[in-house]
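Chemist: Sequence:
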Amino acid sequence: MPTNMQRSRRTAAAAVLCVIAIALAHAKPPIAPVKNVSDAYFGTTVNDPYRYMEDMKNAEVADWMKAQADYTRDALAKIPQRDTVLKEVTAFGDAAAARVTSVQITGNNVYYLKRKADENIPKLYAREGFAGNERLLVDPDKLPAPEGKHYAVDYFAASPDNKYIAYGISIGGSEESVLHVIELATGKETGDVIDRANFGSPSWLPDGRLLYNRLQKLAANAPVTEKYVNSRAYVHVLGKNPDDDAPLLGTGLAPGIAIEPAE
1135 MPTNMQRSRR
1145 TAAAAVLCVI
1155 AIALAHAKPP
1165 IAPVKNVSDA
1175 YFGTTVNDPY
1185 RYMEDMKNAE
1195 VADWMKAQAD
1205 YTRDALAKIP
1215 QRDTVLKEVT
1225 AFGDAAAARV
1235 TSVQITGNNV
1245 YYLKRKADEN
1255 IPKLYAREGF
1265 AGNERLLVDP
1275 DKLPAPEGKH
1285 YAVDYFAASP
1295 DNKYIAYGIS
1305 IGGSEESVLH
1315 VIELATGKET
1325 GDVIDRANFG
1335 SPSWLPDGRL
1345 LYNRLQKLAA
1355 NAPVTEKYVN
1365 SRAYVHVLGK
1375 NPDDDAPLLG
1385 TGLAPGIAIE
1395 PAE
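Quick note on the numbering used here: the sequence shown kicks off at 1135 and runs consecutively.
None of these hints come from the bench; they were simulated from the model.
Remember, predicted model here, so these are calculated numbers, not experimental data.
Among the hints, a few may not be true.
What follows is a set of in silico ranges between Cβ atoms, one per label pair, in the way DEER data are often shown [said to hold, decoys possible]:
| no. | residue 1 | residue 2 | range |
| --- | --- | --- | --- |
| 1 | Ala1319 | Arg1249 | 24 to 34 angstroms |
| 2 | Ser1335 | Glu1194 | 31 to 41 angstroms |
| 3 | Lys1169 | Arg1269 | 47 to 57 angstroms |
| 4 | Val1237 | His1284 | 15 to 25 angstroms |
| 5 | Val1180 | His1284 | 31 to 41 angstroms |
| 6 | Gly1390 | Ala1230 | 44 to 54 angstroms |
| 7 | Ile1165 | Asn1375 | 47 to 57 angstroms |
| 8 | Val1195 | Gly1342 | 39 to 49 angstroms |
| 9 | Pro1280 | Asp1204 | 18 to 28 angstroms |
| 10 | Asn1375 | Phe1333 | 16 to 26 angstroms |
| 11 | Ala1201 | Arg1343 | 47 to 57 angstroms |
| 12 | Leu1339 | Glu1394 | 25 to 35 angstroms |
| 13 | Phe1176 | Phe1333 | 21 to 31 angstroms |
| 14 | Val1171 | Glu1394 | 17 to 27 angstroms |
Below are the DSS-like pairs computed for lysine-lysine, each with C-alpha atoms no more than 30 angstroms apart in a straight line [to be verified]:
| no. | residue 1 | residue 2 |
| --- | --- | --- |
| 15 | Lys1283 | Lys1212 |
| 16 | Lys1221 | Lys1250 |
| 17 | Lys1257 | Lys1297 |
| 18 | Lys1191 | Lys1351 |
| 19 | Lys1351 | Lys1283 |
| 20 | Lys1248 | Lys1276 |
| 21 | Lys1221 | Lys1257 |
Note that the Cβ used here is the ideal one computed from N, Cα and C, for glycine as well.
Using the sequences provided together with the hints, build the complete structure.
Modeler: In structure tokens:
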């Protein structure tokens, strides 16, 4: 049976949805112009009316995004009794002392992300067993970032022997992950830093080598649509230059395995 707290949270959530719907009903969002681009794949024509919006440096795209943001702020500001609703939602959100997510267990060690009620960004922690002392491994708030932006931990994976933990971190919600490695005994960075590790999906071999996925390095004049194609899985030896890492899997690497550029 739902508790009184659960019922209250559901009621508050329903109220928020209702007032937002009312606020949005009186205005229309900015319309993005259609600029169709057609490609033919194996005899089939595929239309892409908004491909130009992939170029974040396009002034028209930037103006549209700003107009969307202004529209949203204006709509939210007009929500009836907004301050009252916000106060209720904030109170429910702060009711829990902390929120723990992405729990991973390696051997006897437990790794997880935790965000306290008064924090905005989850931090990476470790402990030896569920009853062990908690250790802070990565605090994104302590990393130097441009004004108005912050770092966030995107993923992490500990080695089977719990000697190292690899983690990806990006700035400003970009998901442009840079992969780092920490030596768990000391809590210090090993100096292994690998960029273009978006969706890096790191995992460890029994001998301590690190497997990860890396995007290709684009030429200065390459179209942005090429950014996420031809990614490869690599094997990294700690302490070595990642640009010398051996590719393990990717387009054209294994004649018997057909991997398309977009895969």
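Chemist: Hint by hint, say whether it matches the structure.
Modeler: The hints, checked one at a time:
no.: 1; hint: Ala1319 with Arg1249: 24 to 34 angstroms; verdict: holds (26 angstroms)
no.: 2; hint: Ser1335 with Glu1194: 31 to 41 angstroms; verdict: holds (35 angstroms)
no.: 3; hint: Lys1169 with Arg1269: 47 to 57 angstroms; verdict: holds (51 angstroms)
no.: 4; hint: Val1237 with His1284: 15 to 25 angstroms; verdict: holds (23 angstroms)
no.: 5; hint: Val1180 with His1284: 31 to 41 angstroms; verdict: holds (37 angstroms)
no.: 6; hint: Gly1390 with Ala1230: 44 to 54 angstroms; verdict: holds (51 angstroms)
no.: 7; hint: Ile1165 with Asn1375: 47 to 57 angstroms; verdict: holds (49 angstroms)
no.: 8; hint: Val1195 with Gly1342: 39 to 49 angstroms; verdict: holds (44 angstroms)
no.: 9; hint: Pro1280 with Asp1204: 18 to 28 angstroms; verdict: holds (22 angstroms)
no.: 10; hint: Asn1375 with Phe1333: 16 to 26 angstroms; verdict: holds (22 angstroms)
no.: 11; hint: Ala1201 with Arg1343: 47 to 57 angstroms; verdict: holds (49 angstroms)
no.: 12; hint: Leu1339 with Glu1394: 25 to 35 angstroms; verdict: holds (26 angstroms)
no.: 13; hint: Phe1176 with Phe1333: 21 to 31 angstroms; verdict: holds (27 angstroms)
no.: 14; hint: Val1171 with Glu1394: 17 to 27 angstroms; verdict: holds (20 angstroms)
no.: 15; hint: Lys1283 with Lys1212; verdict: holds (27 angstroms)
no.: 16; hint: Lys1221 with Lys1250; verdict: holds (18 angstroms)
no.: 17; hint: Lys1257 with Lys1297; verdict: holds (20 angstroms)
no.: 18; hint: Lys1191 with Lys1351; verdict: holds (19 angstroms)
no.: 19; hint: Lys1351 with Lys1283; verdict: holds (25 angstroms)
no.: 20; hint: Lys1248 with Lys1276; verdict: holds (15 angstroms)
no.: 21; hint: Lys1221 with Lys1257; verdict: holds (25 angstroms)
Violated hints are absent here; each numbered hint is respected by the structure.
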